[in-house]
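> Position chain B against the provided structure of chain A, taking the given hints into account.
Here the protein sequences come in this chain order: A and B.
Here the first sequence stands for residues 43 to 326, numbered as in the numbering used here.
Here the second sequence stands for residues 117 to 414, numbered as in the numbering used here.
Derived from the structure by calculation, the hints contain no laboratory data.
C-beta atoms are modelled at their ideal positions from N, C-alpha and C, and glycine is treated no differently.
Each statement offered as a hint is correct.
Subject to a maximum C-alpha distance of 25 Å in a straight line, what follows is the list of computed BS3-like cross-link-like pairs (lysine-lysine):
1. Lys149/A - Lys129/B
2. Lys320/B - Lys62/A
3. Lys149/A - Lys130/B
Partial list, computed: chain B residues near chain A (C-beta under 7 Å):
4. Ala131
5. Thr153
6. Ile226
7. Gly228
8. Trp243
9. Ile256
10. Gln259
If you want the building blocks of each chain, they are given just below.
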Amino acid sequence: MIQSSKTFPLPFGLSASPGKIVIWTLLFLGGIVMISPFIFMISSSLKTADQIYDLRLIPERPTLANYVDLFANSPFLRWFWNSFITSSIVTFSVLFFDSLIGYVLCKYNFRGRTFVFVAILSTLMIPTEMLVIPWYVMSANFGWIDTYWGIMFPGLMTGFGVFLMKQFFESVPDELLDAARIDGLSEFRIWWEIAMPLVMPALSALAIFTFLGNWTAFLWPLIVTNSRELYTVPVGLASFAGENLTRWEVVMTGAAVSTIPTLIVFIVLQKYIVRGVVLSGLKG
Amino acid sequence: MKRFYDRLTFQQKKAYWAWLFLAVPVAFFCFVRFYPTLNAMVISFTDWNLLSPMKFVGFENYQKMLTDKVFWKVFGNTFLYLIIGLPVTLLLSFAVAYYLDQIRFMHGFIRGLYFIPYLTTAVAMAWVWRWGYQPVPIGILNQILTDFGLPQQPFLRAPSQALASVLAPAIWAGLGFQVIIFLAGLRGIPDTYYEAARIDGVGKWATLWEITLPLLRPTILFLVVLTSISLLRIFDQVYNMTVGGQGGPLNSTRPLVLNIYNSAFRDFDMGYATAQTMVLFIVLLVITMVQLRLMRAK
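Okay, chain A solo, but in the shape it has when bound (with noise of 0.2 Å):
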């Protein structure tokens, strides 16, 4: 076995040069301090108001009382479950919606359609904040202020949505479509059973960021919601850690109980969600 004179031998039968060992340490050392806030944030939820003080990372009694009391004590739970459910319609609505657009636009040639494309792709150029006021009206309007419905609508389908599934379907082959055809399956059936199938990477790319960008939304939650009833877990955690301005230990450990689901589902799918980032990224 020939061994450069520059390399180092390491365990596991790995060697590198000293250059890749500190660009590895540095790197690694980065790291560590990007996480440093959720170490911080859940070592604190585990002490006592007497303990906070005490900036010691394991806690000399950890507890887990803020957590019950977090529970027993605050809607944490409804607003929970108010994110889930809103998060979880609005993304089911934009991956049928937006994939069946996505896909007419891209497989059907009928008068009209470049028009219909640039009409929705001009929607990506406006920020939501221009259209938040307009919403309001709208729902004080038709009274879907304090509503799921209020806080879904406006998501249920999106221009970058669209734009995205077209770009995939392109890649599924026009023959297969018409074979389908042939056979007598019904338009709706092709695309849904042949063509869906395909593009299962964009899917499953579209629902990680759709989900998240609904899960972490504020600005309009904020807006639509009064009653603390009907907060989203953003909207909640804001108005509970300003009515607890200085318990910073149960103000912590409403951000943990915010944070840790999506920690959990990043530590499951980190391979999809990075992908889903470089596809969505690269195509976008």
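Quick look at chain B alone, frame taken from chain A:
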């Protein structure tokens, strides 16, 4: 109905299905995107508090903006977020991606460490950072400073430091996304370029400047635009890290979007609020247009 369909030609059948599929989406985009856009433009020319009848006032809201000191302060803040945030974000994320691309050992794990903040709720993390900025004995950052014998910093309490303190978690949260995109861009550069450079005896720095960066141009341009847009729309962090969500102290951290929120939902001055959203819209439009231009140039 069945008869009508059977009499259509193949092309007509396809158009029939296309419009059938598009009926609901077209209605949605008209009702939830286009109509509100026009509505916002109309409201910006009125004096309206939601309850009284709408009163047309011409360009009054836009004129008010010109003389409103708070608006100009806020406009300046918004660009400060951009001017400080953009270079810091891009340099950091490129450095991380550039070196991360060279290592294999625990590559995915380390990438994960940088990426996690991107997925978390900005509101939750804003509160964690706010806690970190507190004076001793509460905040961890001042604790570390005093441990090293350095003076405590006011962070969110001083107008001179508050904006940077609010910006830090926004940069921290976005970094992972930019790293991933840069990594994908670096992977996209064919090895043959590097091999040719090595054979020609080109040094590491020269390779970076002459090969890597020019070939990454589309990636860099994409990230510049996306990062700019998200920095210009900063809201969650400011709302949750400043007292009463007001963008203080002394409006030193208040960005345009928070000012819009205040005008609309705290002062109920819908006309003035929408007029400010038009300014935001135009700024974002210009940035996007410049990007499209530059993309086409190459």
